[in-house]
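Number of protein chains: 4
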Amino acid sequence: MIIVMQSKAAKAQVDEVVGRIKDLGLKPHVSHGEFRTIIGAIGDESLLRPESFAGMAGVEKVMPIMKSYKLASRDFNAADTVLEVGPVRIGGDCLAVVAGPCSVESERQLRDVARATRDAGAALLRGGAFKPRTSPYSFQGLGEEGLRLLRDIGGEFGMPTVTEVLDPRDLDLVIRYADILQVGARNMQNFRLLADLGRIDKPILLKRGPAATIDELLMSAEYILSEGNHRVLLCERGVCGFEKSTRYTLDLSAVPNLQAATHLPVGVDPSHATGRRDLVTPMALAAVAAGAHAVMIEVHPDPERALSDGPQQLTPKAFQHLMAELAPIAQVVGRKLQTQVKPNT
Amino acid sequence: MIIVMQSKAAKAQVDEVVGRIKDLGLKPHVSHGEFRTIIGAIGDESLLRPESFAGMAGVEKVMPIMKSYKLASRDFNAADTVLEVGPVRIGGDCLAVVAGPCSVESERQLRDVARATRDAGAALLRGGAFKPRTSPYSFQGLGEEGLRLLRDIGGEFGMPTVTEVLDPRDLDLVIRYADILQVGARNMQNFRLLADLGRIDKPILLKRGPAATIDELLMSAEYILSEGNHRVLLCERGVCGFEKSTRYTLDLSAVPNLQAATHLPVGVDPSHATGRRDLVTPMALAAVAAGAHAVMIEVHPDPERALSDGPQQLTPKAFQHLMAELAPIAQVVGRKLQTQVKPNT
Amino acid sequence: MIIVMQSKAAKAQVDEVVGRIKDLGLKPHVSHGEFRTIIGAIGDESLLRPESFAGMAGVEKVMPIMKSYKLASRDFNAADTVLEVGPVRIGGDCLAVVAGPCSVESERQLRDVARATRDAGAALLRGGAFKPRTSPYSFQGLGEEGLRLLRDIGGEFGMPTVTEVLDPRDLDLVIRYADILQVGARNMQNFRLLADLGRIDKPILLKRGPAATIDELLMSAEYILSEGNHRVLLCERGVCGFEKSTRYTLDLSAVPNLQAATHLPVGVDPSHATGRRDLVTPMALAAVAAGAHAVMIEVHPDPERALSDGPQQLTPKAFQHLMAELAPIAQVVGRKLQTQVKPNT
Amino acid sequence: MIIVMQSKAAKAQVDEVVGRIKDLGLKPHVSHGEFRTIIGAIGDESLLRPESFAGMAGVEKVMPIMKSYKLASRDFNAADTVLEVGPVRIGGDCLAVVAGPCSVESERQLRDVARATRDAGAALLRGGAFKPRTSPYSFQGLGEEGLRLLRDIGGEFGMPTVTEVLDPRDLDLVIRYADILQVGARNMQNFRLLADLGRIDKPILLKRGPAATIDELLMSAEYILSEGNHRVLLCERGVCGFEKSTRYTLDLSAVPNLQAATHLPVGVDPSHATGRRDLVTPMALAAVAAGAHAVMIEVHPDPERALSDGPQQLTPKAFQHLMAELAPIAQVVGRKLQTQVKPNT
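Protein sequences appear in the order of chains A, B, C and D.
Just so we're aligned, residue 1 is where the first sequence starts under this note's numbering, counting upward by one.
Just so we're aligned, residue 1 is where the second sequence starts under this note's numbering, counting upward by one.
Just so we're aligned, residue 1 is where the third sequence starts under this note's numbering, counting upward by one.
Just so we're aligned, residue 1 is where the fourth sequence starts under this note's numbering, counting upward by one.
By construction, these hints were calculated from the structure, which means they are not laboratory data.
All the pointers check out, no bait thrown in.
Which copy is meant is left open, so a pair is good if it fits within one copy or across any two.
Simulated pairs of lysine to aspartate or glutamate, EDC-like, Cα-Cα distance not exceeding 16 Å:
(1) K67 - D44
(2) K27 - E45
(3) K61 - D215
(4) K70 - D80
(5) K317 - D112
(6) K336 - D93
(7) K8 - D75
All chains, please: the whole structure from these sequences, using the hints.
Pasting the structure below:
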């Protein structure tokens, strides 16, 4: 950690900082420049809290050298983590497409989607049973009935399933049914839930919050990893921005940016990010071209009558077209598309 | 609701929209303009879901006329809601200052702060017992011991208390100790928690999420109100922005903006918003000048040694100076400053 | 235009709005709903200024039906505009890669880049002669000498050239040398400059400002089109956001979003958007997958010694690798890659 | 400057960095930590360009110690700069209110506003003659006729005048008429214009761009200062954000934040920031409470018929009410309100 003192900082203030660094077991290194005194702290930086120095008298700024996450970092683990979920691999050079309706609405709806998306090349089946809705007056999901349908129909088509855990009190229930547990963007900093998920033995799909930086997302992953669960799939799904013709601003540069910083696989959800059906396909293709390990696409047999997020759900036919372009792009960038049916080469 | 059709929309597409409006029990009104066909839906708009129309073929855009929240709106309740918490009133022409440390750390720390802030004019005592920390390796709060200290010392100085509920599983515990339950910014869209808080009989301090619009904040308040708890204090605490020399961008225009839209009282937390001690005092004064009903200030007897958020906590002396300017500004804008000791005139 | 009156609006206020609509030559249509009175204005909406109604007593909100740009819209011109610059086509199903150094620094530097990028498949040569630098103490470009080098070396390799006009007083000079004139992001709302460029006979590359919405970008294009110059290439180059590990947040969804709204071609500049060499290649590929008509890449023979923007410039070798992946992706999404040498199949 | 090497950086890469620091005339200081090698550059940091190091092989990040602006910094000039414009002082403990219409529309309009605002306590008269309008089809200002009216009526009421220079080609004209020249938010990084303004002998009001950081605003001020003009008034006028019920997000914390970093006076424009008349008064009061040295308020005798920005302009009566609260708040925070008539106590 580097501590820059104000130009008018007194010697006593410098001594105070030096003293605290020593107290914490590190070695201070003081450098008197022409304009500023700079103090380096040599040793295990994780013993220092930057904010405790930032508040000291005479300190201008504190610059940590190390990232505050460890287990999630490339420094800790240089090789890509590859998640295995049933026959599907996510990470490294493996790319999986996750498809399904925003909300599970009925057995027929889900089966139609599962069949169509699997045939088109999707590897995993998604569907919401507990829905976080902005309005208390909106459809809130089918609950356990939705989970059961998801498990049964996923099994029927050989597709491992992904669904969201909205509340820690639902955790035991959701674990019984789903293969991958999703943490929604609004829960990305629900630290108690993250710690709970760190103690279970299923992969976690962790979505980036709309106001979360890359570092904050990785700190949230660290909560899960630090409790022992090392199977985390990160997911970019749009950040808040000033443009209002799309729901969020999809930050696709987060894909290679995260991949440089972490060994964990990185997915993209273009459906929630854009909120517009006409933008989902180009953004899904772009995500693959950018190197994503997973792409999540909302598909509904009749989007105009969907109980949630209709405007962003693709029809099965549109999904099929999407996959016809996605597969060759995956090949160009060296990704093996995971499918349930036959190799896509 | 107004539905604007695309310029090239077919008659069959217009008929489809008209048919759905009728199915939902409203009266459609079609207007063929020079460039666009426009369809109005006359009747109870809350029966329509804008998104279900937005996804229909031939629709260009859907413009709701009504807000999606009701109980929180000025239309529903024109008069200001005034919360009463023990002897303290918040809302209307009453302004309360909430002070206390970021985290409750020890009996002595909390008592020093309570005494100093009450003497300077604070009406309520705040302090965190369960802390949402970005890093799993940071201090997470004293838990129940912190709650007990808060209740006891609040009682000692006649200050009602405010503390955060981080997880629905802590709710029963926190209710037993605190007078006002706070929902942190990261939980603003934890809809299950909001619904739970709607069923209790204590005021709720609801913080705006860093990526939440004014409407989304009011929809979150609606979750609480719709379950029966009408005592909600909204709180602006900074939104995400591109400026990095402050932690967040404090959106003070949210104060009059919210007050125009809702009857609920509106507070401001300049400590978390700025993250910088030197900005807390001017922003607290600005909040009062803008018409806030509550101001939350973090105060610590020795901020340099605080276990969390040191750089933004004021010393008791700085808090005293703040109050010496805050009180006359409150008077200028017609607010009665609530105090525990003697009227501030 | 739809005008929604406040729930408590008086009849006289409604009459005032109705009267003004009539005064402006449109036909008012008043609809008294259960909760609100709504007034439609039927006729040529461009005669109304929404803001003049928004400020009237009793008005809650004003909702325009039409976009405020015309010539730039798909409604005005359904077919894609294809720009022709020498032998190169941009727009429709044609994709051109623009490559070159951030700043023209020397004859040798520019020739090395031109040869290497043309051989790798770039169609146009870019290079800055007048540089907008945040700091007055930074390198400001070679000026006319840079323009001359650009023209000569572009000619040598058969590459039409692109360079930025920073100030209207340079316009006559730049026109003499360059084939496409670029308006930088910081000048996107320099309306006088836009109008000047609307009166010349060369294509304009118009970059999106970092705080500009899609609509604002199209309004700026409208300034150029409305003066008679119909050859405009729009360019997404990152918007301001809260993430600080990249320079801006590249909004790739702007590509299909713009293409739905306008007939003008849309390009992407991943170099300035990310500011990081390691992100340029994945973002360039993603841009093509998203359907971009042009991609601008900064290339420098020795980026570590570049006089500006070193960290984001690719080496010629890295550019060659980029093109090896870009070409087949262009083919998948149906774009014909424009090259100077031989077809890229 | 501190350069942090990647954990796997080779010795040759460290040597390369060390060599370049020496070449540039500074003294390198290498520190081998447990996880990273860190290189400090001791000497005049302004000789180094951070970006040239950021692009070097093996470098993880570059952390400048010094700000990139000098003349604008508190380090350079610890005492507040106070601008004198005729009898009016801006800066230090002096606060001036600038009032007037968005656009100068007619002699009568301007005279009505000037009289009313001067009587209510405004010190300076503002009015636009060249208007930057988003749409080419909107009113663009009266041009020189507007400048003449502004000068004449300002003179009549003893109010120095403020108006915007939109284009460097108008500079000679505007100088002849106005007392303070305004650089609009969209021109904040029009560096050529800034340099031109640095060579004239009139104070400059420099507005913050909607996507500009505090540092970027100060770098733009530096352009003016570095050419010799030391009279610059900075002005916060809202930054881009995700909230759409206000035009921009007014960042009031910029006031004390800037005042900590620079000696230049800092003003606030709540009219353009909010775009809503009902928010202008609370935000103007808040700006003064936050310590602003100037507040700019748009006033129009009949805002509903204004040719630009009607919804945000106050009536003369509303302005009078604003001043009745503003004056005592100025007193509380130790600001002397500059007036043309009589002391406001």
